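Asker: As a plain string of letters, each chain reads:
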Amino acid sequence: MAIIELHDVSKLYGFGDATTLALDEINLSVLESEFIAIMGPSGSGKSTLMNIIGLLDRPTYGSYTLSNRSVAKLRPNQQARIRRDKIGFVFQSYNLLPKLTVIDNVALPLAYRGVSAVRRLKLASAMLERIGLAERQYFMPRQLSGGQTQSVAIARALINNPAIIIADEPTGNLDSDSSLLIMELLSEIHKMGTTILLVTHNAELTRYATRVLFMSDGAIVHEEQTNLGELAPIFRRNIYGITVKTEDDDLAGVSALMKAIPAIEVPSTKKPRKPSNHWNKKTNTGRRRS
Amino acid sequence: MKLMTVNHIKIALKSIRQSRWRSLMTMLGVIIGISSVVTIVSLGEGVKHQIVGQINNLGNNLITVRPGNINTNTTSGALGVFNIFAGLNDSSLLTIHDAQIIQQTPGVRLAVPLSVITGPIQTNQQVYDTIPVIGSTPDIPTVLNQSLQYGVFYSSSNNITNGAVLGQNVANELFPSTSALGHSFTFHGESFVVLGVLNQFDIAPLSIEADFNNVIFIPYSVAQQIDPNGNSLYEILVKPAHLSSTKSVVNKIQNNLLVAHHGEQDFSVFTQADELTAANKILNLLTDLIGAIAAISLLVGGIGIMNVMLVAVTERTQEIGIRKALGATNRQIVNQFLTEAIVISTYGGLLGIIVSVLINVTLRILTDLQPALSWQVMLLATGVSIIVGVVFGITPAIKAARKDPIDSLRYQ
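Protein chains in written order, with my numbering: chain A, 1 to 290; chain B, 1 to 412.
Quick caveat, the hints were computed from the structure, so don't treat them as lab data.
Note that the structure is a prediction, hence the values are computed from the model and not measured.
Ideal Cβ positions, reconstructed from N, Cα and C, are used throughout, including at glycine.
The reader is advised that the hints may include incorrect statements.
Not the full set, but computed from the structure, chain B residues with beta-carbon under 8 Å of chain A [stated by the list, open to error]:
hint: 1; residue: Gly59
hint: 2; residue: Glu319
hint: 3; residue: Ile322
hint: 4; residue: Lys324
hint: 5; residue: Leu326
hint: 6; residue: Gly327
hint: 7; residue: Ala328
hint: 8; residue: Thr329
hint: 9; residue: Asn330
hint: 10; residue: Gln332
hint: 11; residue: Asn335
hint: 12; residue: Pro405
hint: 13; residue: Ile406
With a straight-line cut-off of 25 Å between C-alpha atoms, the simulated PhoX-like cross-links for lysine-lysine are [stated by the list, open to error]:
hint: 14; chain 1: B; residue 1: Lys48; chain 2: B; residue 2: Lys281
hint: 15; chain 1: A; residue 1: Lys122; chain 2: A; residue 2: Lys86
hint: 16; chain 1: B; residue 1: Lys281; chain 2: B; residue 2: Lys247
hint: 17; chain 1: B; residue 1: Lys10; chain 2: A; residue 2: Lys99
hint: 18; chain 1: A; residue 1: Lys122; chain 2: B; residue 2: Lys10
hint: 19; chain 1: A; residue 1: Lys73; chain 2: B; residue 2: Lys399
hint: 20; chain 1: B; residue 1: Lys247; chain 2: A; residue 2: Lys99
hint: 21; chain 1: B; residue 1: Lys14; chain 2: B; residue 2: Lys399
hint: 22; chain 1: A; residue 1: Lys122; chain 2: A; residue 2: Lys99
hint: 23; chain 1: B; residue 1: Lys10; chain 2: B; residue 2: Lys403
hint: 24; chain 1: A; residue 1: Lys99; chain 2: B; residue 2: Lys403
hint: 25; chain 1: B; residue 1: Lys399; chain 2: B; residue 2: Lys10
hint: 26; chain 1: A; residue 1: Lys86; chain 2: A; residue 2: Lys191
hint: 27; chain 1: B; residue 1: Lys399; chain 2: A; residue 2: Lys99
hint: 28; chain 1: A; residue 1: Lys86; chain 2: A; residue 2: Lys73
hint: 29; chain 1: A; residue 1: Lys73; chain 2: B; residue 2: Lys403
hint: 30; chain 1: B; residue 1: Lys48; chain 2: B; residue 2: Lys247
hint: 31; chain 1: A; residue 1: Lys86; chain 2: B; residue 2: Lys403
hint: 32; chain 1: B; residue 1: Lys14; chain 2: A; residue 2: Lys122
Taking the hints into account, I'd like the entire structure generated from these sequences.
Answerer: Spelled out as C-alpha cells, the structure:
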C-alpha cells in the first residue's frame, strides 16, 4: 500500500522573472517499508522534495497524499502533529539542541506529545540503549563524536515510532566508519518495517536501499529497484544518466563518491587530481523521465 | 501543555544562569521598578502605622487647638493647605483666656495650655541652645496619656516651684552618664530641678504633633513669668470627657472660640484623625509620584525584555526550526518563548523585592522610619512583573512561532 503519493507536484520559488522551478511535476509513489535512496547533484531538488514529503513545506501545484489522506488543506498545527507522530527527520548537520543533554534531546518529541517527564526519560533511555549509547545519555551533544551525535539524532527521530524516516544526507559529515554505523542503524530500522527516504551523494549507500531515484533539475530522471546489499544496477553499468552541462554539475556528482574513499581530499572547485573513476566520464545519455 | 511549561521554565532558568550578566542587565528595569514601588508602599504603610501608633498612644480623642487657620479641607479637594507653622504666626494669638473658655465648654474634661519658650539651657557641663521648653499645667501627662519613667511630675501642691520634667531624649542628652533626677539646669536666669523623666513617646514621621521626647516641661506659671512672648500659647490640648463625644466637643470649642475671637477664624481645632488624613494626603502624593517613576521604569524594563527576547528569537532561529520539525505546534513555540520572558521578568521582580527588603532593613537601621513590608505588596509586585513578562514577551513569542520551519532550519 502506498504510504506516500505525489501527483504532479511542482514547487516554485520567487516571483515573476526570478521564479525558480525547484520541483517539476514530480510523480512518486512510495510503498510502506520501502527504503528509497535519492541521488542527484546539488540543486536538483532532493531536499525540496524531502521537505514537501516531511510536511515542512507545501507544494505550489499538485497533490500529496500521506497515508491516504490529502495534506493540502491541513492547517500548520495539524501538519506539526503529523510531523510529530508520523515522520522522523535525520539531518546532515545532526540538529541536536546544543543546550539539552542527549537524553533530553531524544525525549523532546515526546514532550510535544504531552508525555509525562518520567515516562519521557524512561522511553528515551530505552531508545538510547537500543542504539548503544546508554552510557552517554547525560552527555551534552558537543561531547559526542560525529557518529554518536547522528545516532542520537536517529534515536530522536525514532522515539515517536514514526512510519517514515526522512534522512537528508545523514552521513554527509561523517567518516566512513561512522557512516557504516549510521547506515547499519537505518537498515535495522528498515527491517522493522519503517519506510525510509535517504538522500545521499554516496553511491555505496544504495546497497541498503530497495529503490534508487535519480533527480536532476527538479525532476526524477531515473529510478530503479535494487536488491538489498547490492549497488544499484546503474552504477554497475557505469552509467550515470543525468545531463552534465558544466564542470560544476560534474563535480557535484563526483564529490560524493570521493568522500566515501578515505585519504582523498574532496575537491571543491578544482578538478580531482586523479580522474580515474567512471564518474568523470561525461556519458551524456540525455534526460530521462521515470 | 502543563508538562511543557515546567520544561520551559527549567530551560529558561538554565539560560538565565548561563548568561548571568545579560540576564541581570535585562532585568534591571524590572528590578528598579519593582523595588521602588515595594519600598515606597512599605514606607507609606510604615508611616501610617507609626501615626496610628502615635494616635493610640496619645489617645484618639485628643483635640488640638492651635493659633492660625490650619485648613485641612480645601474646596478643590486637592492636598489641603496644612500649615504646620501656623502656631508660630505672631499675628494670631491663643491665650490662657482661650484655654479657660475651652475648659468651661461642656464635654471637656481637661484643657491644657502649652507655651513654647526657647533659649539656652545651662547645665554644669554644657550649654544647649536647641531644646524647646514647654510651659504647661500638671495635667499634661493625663492629656498626653503618658506616664513617668521615674520621678514625679510637678504639681501645684509641690513646694518646689521650679520643678521640671524631661522628655526621654532630653534626659539622655543633658545627663548622659547619670540619672537626670535631682540634677539642675539654668534657663532664662532661673534654676530648675529635674523632678522626673517621661516615658518614650511614639512619635511618627510626617506628624504635626510636637516631639515630646525632645522637650522640657516646666510649670505654666513659671513659664508665664520668664516667657518673652508674654502669654501667647503654642497650642491647647483638650481631652473630652467621653470618647464618643469628641466630634461634638470639637464643634462646641470651635463655636465658643469663634465667639470669643469676635468671629475671626484665627485658630484651628483638629483631632488626631485629621492628622492622619493630612499625613495620608502627603503619602498618597508621594506614592503617586514614585508610582509614576516606577511605571516608567517597568515600561523601560519591559522594552528591555522584549528587545532581548527578539534577539533571542533571531539567535535561536535554528532551534525553532528543529523544534518545528520535531512536531512543535505554533502554540508550543509561543508558550516556550512567552514562558522565558515571564521567567525573566518574574525573576527580576523577585530580585526587586529582595532589593526592597534590603532597603527596608537599611532604613530601619539608619533612620527612625519603620517601613512595613506586607506579603500583599510582594504578591502584587510579583503579579505586576508577570504581567510585564506577558505584555512584552508576547510579540517576540509570536514572531518565533511564525517562523518558516525550512528557513529556520537553514539559518546559520
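Asker: Does each hint hold? Answer for all of them.
Answerer: Going through the hints against the structure:
no.	hint	in the structure
1	Gly59	62 Å, violated
2	Glu319	6 Å, holds
3	Ile322	5 Å, holds
4	Lys324	7 Å, holds
5	Leu326	5 Å, holds
6	Gly327	2 Å, holds
7	Ala328	5 Å, holds
8	Thr329	4 Å, holds
9	Asn330	6 Å, holds
10	Gln332	6 Å, holds
11	Asn335	11 Å, violated
12	Pro405	5 Å, holds
13	Ile406	5 Å, holds
14	B:Lys48 to B:Lys281	11 Å, holds
15	A:Lys122 to A:Lys86	21 Å, holds
16	B:Lys281 to B:Lys247	21 Å, holds
17	B:Lys10 to A:Lys99	12 Å, holds
18	A:Lys122 to B:Lys10	19 Å, holds
19	A:Lys73 to B:Lys399	23 Å, holds
20	B:Lys247 to A:Lys99	71 Å, violated
21	B:Lys14 to B:Lys399	22 Å, holds
22	A:Lys122 to A:Lys99	20 Å, holds
23	B:Lys10 to B:Lys403	24 Å, holds
24	A:Lys99 to B:Lys403	21 Å, holds
25	B:Lys399 to B:Lys10	22 Å, holds
26	A:Lys86 to A:Lys191	17 Å, holds
27	B:Lys399 to A:Lys99	22 Å, holds
28	A:Lys86 to A:Lys73	18 Å, holds
29	A:Lys73 to B:Lys403	20 Å, holds
30	B:Lys48 to B:Lys247	22 Å, holds
31	A:Lys86 to B:Lys403	22 Å, holds
32	B:Lys14 to A:Lys122	22 Å, holds
In terms of the numbered hints stated before, the structure departs from hints 1, 11 and 20, listed from lowest to highest.
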